[in-house]
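Peer 1: If you read the protein sequences in the order shown, they are chains A and B.
Here my numbering is used: position 99 in the first sequence is 99, and no number is missing along the way.
Here my numbering is used: position 225 in the second sequence is 225, and no number is missing along the way.
It should be emphasised that the hints constitute simulated quantities derived from the structure, not laboratory data.
Heads up, some of the hints might be wrong.
[Claimed, not checked] Only pairs whose alpha carbons sit at most 30 Å apart, straight line, appear in this in silico DSS-like list of lysine-lysine:
1) A:K25 to B:K8
2) B:K87 to B:K211
3) B:K8 to A:K5
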Amino acid sequence: MIAYKPIYLDNRDVRKQAATALSKKIITQEEFDRIYTAYPYSLYTPNFFIRAGLFLLTVVAALCCLGLFVLASAGSDRSLGTMFIFFGVMAYGALELFVHVRGICRAGIDDALLLTGGVMIVTGANILSSHIGPFLQSGMILVLAFWGFLRYADRLMGVVSFAAFLCLTIYRLGENPTGRALLPFVVMAVSVALYYLFTRLSVLPRLRFYRSGMVLLRAAALLSFYAAGNYYVVREVNALISQGSGPVALGFLWWTLTGLVPILYIARGVQKKDVVFLWTGLGLAAAAVFTFRNYYHILPAELAMIICGSFLVAGAWSLIHYLREPKFGFTSADLDDPAVLEGLPVEGLIFAESFRSAAGPVDKGVHFGGGTSGGGGAGGGY
Amino acid sequence: MDIPLFKKLHTEGLISDRSREQADAYEENRLFSLFRELRLLLYLGVLLLTGGMGIVVYKNIDTIGHQAVLAFIALITAGSFYYCLRKKTAFAWEKVEAPNSFFDYILLLGCLSLLIFLGYWQYQYDIFGDNYGLATFIPMVILFAAAYCFDHPGVLSLAVTNLAAWAGLSITPLTLLKENDFADHRLVFTGILLGVILLAFGRLTTLRRIKAHFETTYTNFGLHLFFVAALAGLFTYDTIYPLWFAGLAGVAWYLCVRAIRRRSFYFVLVIILYTYIGLCYTVLRLLWKGMEGDSITLCLLWLGLSAFGAAVFLIRLNRQIHSHDSL
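My request is simple: use the sequences and hints to build the entire structure.
Peer 2: So this is what it looks like as structure tokens:
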């Protein structure tokens, strides 16, 4: 299914792990060099900056090509639409060619071709038929994006296909009144089901190349669960569907979900030491505050800012101080900085170790805590 | 650490017993770092607090009075600088580590409040009068001194921005294109001159080892300023634009060679993109002049092919740099 040779993707992972281990002084430079020679990687995966540059240049080249095609076409809607679709298919073909012949992987060129290919096909279909409808539209995007995710393990495509799937559900339900009434609950149920599915799938060894994509998908499922229960979203979507504004039924339930879900996410993140829960929860806590302030102004803005700000500063400052010596397996030190790790007191480590059993087992299923930014472009030296 | 992987590497004889044990120990004692989360919350808190206080002052300026506000800002500035002077480590021409993790933030607070203090003073009481040069020159000198004395690249960026303001340019990322009228020929030459000076100073910094790690800051500002000004020159001087392009390409070539030697992916990319824009402009103008009817096809063809060519060139250079260094 996946376009790249699995052995290279595995070797890239080994090299990444070795690089992390080297930076933390777990292995020596000689061992690192040995691992590098033993696990070759011949795909072209450049540095982030080069990737961005190649992405830009490929988009420019593709758009110019498209311009030439359009100039050559007869000008009727039919020929123009066909031209777009043909061009989209060509982009996919070029992508396959680049991957197989030139061995590129996350090099900017492939990202750009995958994106232009999909956008062109969808645009072409819209030009050909002016009444596709949102349902069919989402279906088309879902198929294209899901293909991109499966074949190239592209994370953006994974998130796009998730969004398209949600849209598909929403449009389907929006067609009848019962569906409309049940919409938030169905979206929540779908999000929960998908969250567990993604979590399960991401530990399967067979799907190891999709792990970094699954992290994003899990975050997306958490977000959609929250959005389905957020008071503002429920009210606005309801107004949009039923053409009438005003307070919605079950207001108490939505307000509870708006306030409670972020807290639960953060608590879960701390309990499981799960970065996905923690960051989603932090982001959504801000969303909850904004939702509340959108409807109730119990304090003038500046006073609210000062009070919140003081609490945040005091809380964060004292936690940073408190966790200077690791406690319960948590630390406020930057573990990605090798110099800091060297200075960590050994007593602290032992202390953390002795508290580990009390704090509950650490989830070792999926490794997010390592902190290597998921493959946004490994070094160019491969 | 992926423990099964390290086990496998160990059985393959790639890592020693000791390394494997260390990997095991690391994983067992693995800590969960809240470094970024706590910093983010602290940052947000400071932002909310200062924003809220700013609004309160703004709303009550009639009762508080400008002198009181000025005195308060002066107090913050003096306090921050006093703290930094007391805590600072001994001066050296090499990179000096900050004494603690809050030192850099306090210094930044002091420098920013100093700028606010001087700006406020000038706005309300006109202390420098119409002497605008002096109003930017004094903070610039203080900022440069602070950057070198306390070894802070962020303050150096502030200082360089002030230097440009003194020269009549606005060079923060968002305002570089928006607030400068590059149709003004004097501004084009000021930009080029200042860009070259900054680049030269960056070079000097490494050659003489005067705080060599400041080089990135100088080169970054110099590079963008030079290329934006040179491209503006290329666009505005209608008659001699091939000459402008030749000059731009020459400097770009030199800088690119230097960037490759420094193994800086970021600088290579920036140089190539700016040069590509210049090249496209020059060729398109030539094409447009040469033909009348079919020139749009030709232009598109040229743009497409040149973008492809630039991509290939970039890949070549990348392979040449061949290292893990970022930036």
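Peer 1: All the hints need checking, so say for each whether the structure fits it.
Peer 2: Hint check:
{"no.": "1", "hint": "A:K25 to B:K8", "verdict": "19 Å, holds"}
{"no.": "2", "hint": "B:K87 to B:K211", "verdict": "20 Å, holds"}
{"no.": "3", "hint": "B:K8 to A:K5", "verdict": "21 Å, holds"}
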